[in-house]
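In the numbering used here, the protein residues as written are 1421 to 2600.
Wrong hints could be hidden among the right ones.
[To be verified] Straight-line C-alpha distance at most 27 Å; calculated DSSO-like pairs for lysine-lysine: (1) Lys-1759 x Lys-2053; (2) Lys-2053 x Lys-1986; (3) Lys-2229 x Lys-2190; (4) Lys-1566 x Lys-1536; (5) Lys-2053 x Lys-2163; (6) Lys-1654 x Lys-1566; (7) Lys-1536 x Lys-1654; (8) Lys-2190 x Lys-1654.
[Unchecked claim] Simulated restraints, written as ranges between beta carbons of each label pair: (9) Lys-1536 x Thr-1676: 40 to 46 Å; (10) Gly-2575 x Asp-2498: 31 to 37 Å; (11) Gly-2023 x Thr-1925: 33 to 39 Å; (12) Asn-1984 x Gly-2023: 16 to 22 Å.
It is worth saying that the hints were derived from the structure and are not from the lab.
Note that the coordinates shown come from a computational prediction; the quantities given were computed from them, not determined experimentally.
C-beta atoms are modelled at their ideal positions from N, C-alpha and C, and glycine is treated no differently.
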Amino acid sequence: MNRFALAAVCLLLHGCDSQPPPEAPPEAPPEASPEVPPKPPSEVASKPPTDAATIARHNEAVAAMGAFDYGAAMEILGELTAAHPTWNDAQVDSAIAQLNRQAEGDDAAALTRLAKVLDRDPSHLRAHFTSGILRLHAGEIDEAAKHFEIVTEADPSDAHAAYYLGQARMQQGDMEAAVPLFAKAIETDPYLRSAYYAGAQAARRAGQREQAAAWLDVFQQMEHNPRAHLAEIKYTRMGRKAEVLAMVAGEPASATRPEGPVFGRSSRSPSVGDSGVPGELSGGLPGRLPGRLPGGLPGGGSGIHHLGIGWIGDGESLVLMSTEQSSRLYNWSASGGLKEIDANPKGTVPLAQVTGIEASLWGDVNADGELDIVLLRSGGNQLWLGRGDGVFEQDERFDVGVEATSVDGALFDADHDGDLDVLVVNDEGASCELLNNNGDGTWQSITDEDSGFPQAARSSREVIVADFDGDLDTDVLLINQHPPHMVWLNDRLWKWRRGGEVWETLLQAEMAAAVAADLDADGAMDIVAMDGSYGVHVWRSGGGQWDSTVLASRSETPPTIDHNPKTTATETRPRHLAVADVTGDGRLDVIRESGWVVTNQIGAPPVLDVLGGDGMVLQSFEGDHSWTLVQGKPGTGPMMLMAGADAAPAQVPAGSGRFPFVDITLAGRTDPGQSMRSNASGIGATVAAKVGGRWTITGAVRNSAGPGQNLQPISIGLGGANEVDFVSIDWSDGVLQTESHLKPGEVHVIPETQRQLSSCPVIFAWDGEKMRFLTDCLGVGGMGFLLDPTTYATPRPRERVLLPRGVLKAREGRFEIVLAEPMQETCYLDSVVLESIDLPPGWEVLPDERMGTAEPMPTSELLYSRQSVSPVAARNGRGDDVLAEVIATDAIAAQPGVIDGRFIGRVVEPSVLELEFNAAINELPGELLGELPGEVPGEVPGVMGLHGLPGAVLVIDGWVEYPYSQTMFAAWQAGLSYRPITIEARGADGRWQVLHEDVGYPAGMPRRSVFPLEGLPDGATALRLRTDLELYVDSVRLAVIEPCVEAVVQRATVATAVLEQPGYPLRIDHPQRRPEYDWSDRSPFWDTRVQRGEYTRLGDVRELIFEEGGGVAVFGAGEAVRCSFLEAPPYGDGWSRVHVLDLRGWCKDMDLMTGEGGTVEPVPGDGGGEMLRTRHRSGR
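With these hints in hand, go ahead and build the complete structure from the sequences.
Put into structure tokens, the structure is as follows:
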């Protein structure tokens, strides 16, 4: 998401004069009091300007604040306050901009400005609130408390004011006073997550252990709730009174739902419009479809057995209608209706000849951008791959599975490897199956031997897949013919476990049909179930078990239908249920079979009820035996297709009694040049949409009880608003993404953002003008990185980072370095030392560094060289001449092989780089073969080096595209690997010999690495590098390692070290995936999560990182440690100086497959610094 889209998320349209009115002043006493002289005009508050130009200029400041451009906002507000010096709201706005800018002296200046406002108007609540924030931040607790007392007394509805006053009371040591203040904040804003955690701390210290435990439990439950928010000293998180609010005019949009029915008349029903007036078709959609299916379905009166639908874009879907004897495929659009299409190329078996279809699953199975269909049948399931234009071909490789009749299934990423797997539910007596997509067109049946999933499941008839335990992966609930039902929770890496006692009540309940949905938009999945008597129950998890409430029972009286057909109650078991917002009010509704049927129609079709969230019947209408929700005209919300025995297929259009909708569809990888992270259809993603103060949370798995799984856009009701403020998307690979300002009238296609979620901490250094990005660090110390399902990489918690020559400049006698975490990961920093190394003319230093994956391992020792030789020829594996790309360090690298679109950081075939030299490599020591190649100033963000005994070594400047634990797992299950660099040498006899197999690679972003060349054959004049990694070699050369006794190394420990929250620097992606970060362009927020746990408190952390073993400073996303080092005196005229950053520490990302990636614990090192880890962070 770009910054200005994020600005729209934060922009709150609110009248500047909307603060609660001050309390009325007390009545004057009977006795006359001395007359107080009036204040001069400069001390009297003026009314806000009303001219359009001033309002427009003020709203420009609002937009600048929303974009976190505080300097621009201050400039605009400075103009306005200069023109209107007693306009109090503008003065407060200026103070808010100033406190967020955080330049030297800004806090004091903001307080002075606010004091003048309070002098003019002692009851100005925004001035008090903002003053309280500043005082609290400065540690002036008593003064802060006074300001917040005034605000909470005048405005009891301000949850943030109660929270901050509670914080002040805690710091004053008054826990008894703090607890009720946090309780008030929670009561006023149940989603203010910070209040639960602070309240739990205060309650525990006050001896209220039960209350503390209860609040802490809620705090943990809300970790992934998109509605939950934090109170922080950051813009948009301090509270509404500390925001620059736009001046708007006009009345708010009406929240009264338009009159009329939710659904219009079926095209098969008599022609009656929304108002019930004959002769008017609802919604302006086509009327009656043909009396029988176009082309006719064989089978006489067998009618429609299954109705499935998949979205192909541009307002169109494919519809599969089948009987027991055959099938038809149609193109469907809301404006054009159904049109039969030729679904097969010549010479293939027509899809229309496939029989016995019980259900269909829709999605892009092979990630080629075309819609595919999995057919669940009696007599063997089938996969039909889409070729475009409605053409499908059967994939004969989909031949796994038992011989059984499959009655339901799910298409989802069961193992979170980026592709779609198939869960098949078979009829009574046959076990269920999980078919794993290997990503290469082949499939394998997976069974977890420990839990028995899924083959332990028998006699099932419906499957529900959703994240039931809130851990960001997909779990499975199987509805059996008779209770008990079965649930398996996903523990990843093909491991599953049965749900415990918390599930027992639900698993014993009678369920004829069920759907997973978040009805109350609280971030926790509910289950909407219909019993055998047509009663609808809502199951919610809480208090240690699943409990149900009755949403609606079957009506005892006949339903009211517009054209008054004859209806009667039925004892037939209900079959179908769906959950979606069909009124447009942003709340999910329930569509059920009512338990009544129309008896004067052929086949006695069921009557369908639309239930609101309160269980009230909003509308009843004639349905049919097969029905499904389908995308209507953009902006109108879902409509319905239905068909039944001997009945023509019909459409039920959107009625007039709806608010407008915003429609979105999700897509995983859309660029074939990019590697896949989430499945191409976006199945399994959760969408949380915010419209004003209301949330709608929905997903993309299925919104009905099946059988089968359709693929359609998601419709979000606006409830009278003009747009969706923003949507927050949790993709199936764990990526969090936000998009804003979505308007009705089109289907918004939202592809997953292709961005790097984690790498390692990144380094910035003061170069005399700015903080300049250099490279990343401590990738060698990565914790929990998955190699295969049973193996994690062993971290090496030390790295020496060679800084580019001439970059680091002293400022007032000190060097400044920032170690920042701009991604969703945690750094455990043990020590930082800056080494100033003075070298005689002609020498260079090469730290013994790389990502070591085989012996000989790197040692981090400083190596020296004064002899270097570049290759005279360089060719890649295709025979292309790449010498120009690898001869100089200029940020232009040799292109690796074809990138594997399935797996991040991998190439399809091993990349090969063959290097020719003009002399035997093993004869290099002692011969001066060339001067050191010059670096291109300003082009190389960072360089690093290697291992080696005296003799020749290989020096590579370059970078890699890091894989993630998920992609390592995905490649493993496909039988593929990520092989590091293997080095071969060609001897005088012309034969190639392996020197070092899988020896390592550059450990991240652009850097210098050195590789060993031990065991060279006699007369070797050529080297060959081979790897499966997406490796970018910028330059490569040989260097001769020898002692340099004259070199002077001066080690400087940190003079100062401060842990702060500077936010997220803008990432710039150059060609060949070369990253850069702009420190001058930082946002306080980004689409990230943080690992759950205790972080080091902000402020001075020098004692933790001063020396190795003194404890670790723990910091995470959006945070950084700013270090300074005393400048070492120079040594010798004509000598050169280089700098090396000697780091010790670890890092851990939040990938779903990373070992313990969701938590800060376990903290590595010797356990020091625990007392300073007082800051809890989690969630988003």
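**Numbered hints the structure breaks, given as an ascending list** = 2
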